[in-house]
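Peer 1: Okay, here's what each chain looks like letter by letter:
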Amino acid sequence: GAGVSQSPRYKVAKRGQDVALRCDPISGHVSLFWYQQALGQGPEFLTYFQNEAQLDKSGLPSDRFFAERPEGSVSTLKIQRTQQEDSAVYLCASSARTGGDSYGYTFGSGTRLTVV
Amino acid sequence: GESVGLHLPTLSVQEGDNSIINCAYSNSASDYFIWYKQESGKGPQFIIDIRSNMDKRQGQRVTVLLNKTVKHLSLQIAATQPGDSAVYFCAESGSGNTGKLIFGQGTTLQVKP
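Which chain is which? The protein sequence lines are A and B, in order. Numbering of the first sequence is given in my numbering, commencing with residue 1 and proceeding in unit increments. Numbering of the second sequence is given in my numbering, commencing with residue 1 and proceeding in unit increments.
Bound conformation, chain B alone (with noise of 0.2 Å):
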């Protein structure tokens, strides 16, 4: 997603709805990316990767989707729950597959009981 300044763009579902974030990644040479959840207080929690020689990938509750014609990424979360309500960020390689990661600007995630 994107934002201004330091207001992170907002998604609010319901608990047992599902849930779709998206991100606009930069670099077109990128081959790797990944989705991390971070709560407050904590550092980054691991979700689900993708390379790019894929379009799709599924996790447990989780599923990513890569569009490299649009540089576009987005996880879809299946029957949210409360636990999921965190800042999530996608992250690119870059040019370099150095393990260096390039992160977005985040999303939060409220979910409503």
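Chain A extracted, bound-state conformation (with noise of 0.2 Å):
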């Protein structure tokens, strides 16, 4: 596709339930990047894929979250047992190239996670 795609758009989830959010980065891009973003601050860094290997997952806040790219293009961020204080817009982002010369990515939309 033309841009980096991501659904849901938005999702609700009770307090216990689990999650998944998806991600199609731009065709051919190998580096994929999940971003979370709370209300009113910046994007903080979760995880990086470099094509199937994750690379470096280490903003990851909890063993609660968990991402996969198995097949080196769509990846999926799993967030289990969701609580309140994940809520949040979870961003996607991807590039061409890899590690140091992959700055500048482009970012989906997101998806806005609302835990109830």
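Please note that the accuracy of each hint is not assured.
[To be verified] What follows is a list of derived Cβ distance ranges for each label pair:
#, chain 1, residue 1, chain 2, residue 2, range
1, B, 56, A, 16, 50 to 58 Å
2, B, 113, A, 14, 20 to 28 Å
3, A, 74, B, 26, 27 to 35 Å
4, A, 7, B, 45, 16 to 24 Å
5, B, 12, A, 16, 25 to 33 Å
6, B, 12, A, 66, 41 to 49 Å
7, A, 81, B, 54, 45 to 53 Å
8, B, 28, A, 101, 15 to 23 Å
9, A, 83, B, 58, 42 to 50 Å
10, A, 53, B, 10, 37 to 45 Å
11, B, 24, A, 2, 34 to 42 Å
12, A, 40, B, 26, 16 to 24 Å
[To be verified] Simulated pairs of lysine to any residue, SDA-like, Cα-Cα distance not exceeding 20 Å:
#, chain 1, residue 1, chain 2, residue 2
13, B, 42, A, 12
14, B, 42, A, 39
15, B, 42, A, 56
16, B, 42, A, 38
[Said to hold, decoys possible] Some residues of chain B that are not near chain A, with every Cβ distance over 12 Å (derived):
#, residue
17, 51
18, 58
19, 110
FYI, nobody ran anything at the bench for these hints, they're computed from the structure. Ideal placement from N, C-alpha and C gives every residue a C-beta, glycine not left out.
Join these two chains into a complex; the hints should help.
Peer 2: What follows is the structure, given as structure tokens:
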């Protein structure tokens, strides 16, 4: 596609539910990033994939957060047993370059998760 | 810019004026800096970037200035237009040069017609 596509755009989950957020990067992009953006804050890094390899997951806040990109294209961010503090916009970004050459990557519009 | 809690600093300018948005970054080892624009309901959109071996870079209507001595970054927008109204974030690479970006809190730019 022409841009990074994320689905769903909005998700409401009851506390304790599991959720899965999908990211379709720009076709052919090898690098994929997930960020979490709380209301009124800047995005915070969660994890980075180069093709199917998860090279950096240092930003995942707890073991309830899990991300995968099994075929090196579509990625899924899964949050288990959601809690209210997980409410945020989850942004995905992709780049044709890798590592320190990947900056300036393209973001999707995000998934707004609300945990009630 | 700096912010307290959920209140982003706001810059209000008249259409046609020049805007300057400031940012203090934290890591002296950062090699790369970038400005993003974010409109309501959308993801951040790339505006301009700069490497640490430069102190100024110009784009179309935008200029980024980097002062490594005081760890300060600024974005200048010439002839500000209503379409420039958005939240602006600076980001730095931090140490490691891995692709990960560390974002600041953001500044809201309001353009008055």
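Peer 1: Could you run down the list of hints and mark each one as holding or not?
Peer 2: Against the structure, the hints:
1. B:56 / A:16: 50 to 58 Å: Hint holds: Cβ distance 52 Å, inside 50 to 58 Å.
2. B:113 / A:14: 20 to 28 Å: violated, 44 Å
3. A:74 / B:26: 27 to 35 Å: Holds - the Cβ-Cβ distance for residue 74 (chain A) and residue 26 (chain B), about 34 Å, lies within 27 to 35 Å.
4. A:7 / B:45: 16 to 24 Å: For residue 7 (chain A) and residue 45 (chain B) the Cβ distance comes to about 20 Å; the hint holds.
5. B:12 / A:16: 25 to 33 Å: Violated, at about 43 Å.
6. B:12 / A:66: 41 to 49 Å: Given range 41 to 49 Å: holds, Cβ gap about 43 Å.
7. A:81 / B:54: 45 to 53 Å: holds, 46 Å
8. B:28 / A:101: 15 to 23 Å: Distance hint for residue 28 (chain B), residue 101 (chain A) holds at roughly 22 Å.
9. A:83 / B:58: 42 to 50 Å: Cβ of residue 83 (chain A) to Cβ of residue 58 (chain B): about 45 Å, so the range 42 to 50 Å holds.
10. A:53 / B:10: 37 to 45 Å: Between residue 53 (chain A) and residue 10 (chain B), where Cβ atoms are some 41 Å apart, the hint holds.
11. B:24 / A:2: 34 to 42 Å: Given about 35 Å between the Cβ atoms, the range holds.
12. A:40 / B:26: 16 to 24 Å: At roughly 19 Å between Cβ atoms, residue 26 (chain B) and residue 40 (chain A) fall inside 16 to 24 Å, so the hint holds.
13. B:42 / A:12: Distance ~18 Å between residue 42 (chain B) and residue 12 (chain A) Cα, so the pair holds.
14. B:42 / A:39: With a Cα-Cα distance of about 13 Å, the restraint between residue 42 (chain B) and residue 39 (chain A) holds, given a limit of 20 Å.
15. B:42 / A:56: Outside the cut-off at roughly 25 Å; violated.
16. B:42 / A:38: Given that 20 Å is the threshold and the Cα spacing comes to 14 Å, the pair holds.
17. 51: violated, 10 Å
18. 58: Per Cβ check, residue 58 (chain B) is outside 12 Å of chain A; nearest 16 Å; holds.
19. 110: Given a closest Cβ separation of 16 Å, the condition holds.
Of the numbered hints listed earlier, those contradicted by the structure are 2, 5, 15 and 17.
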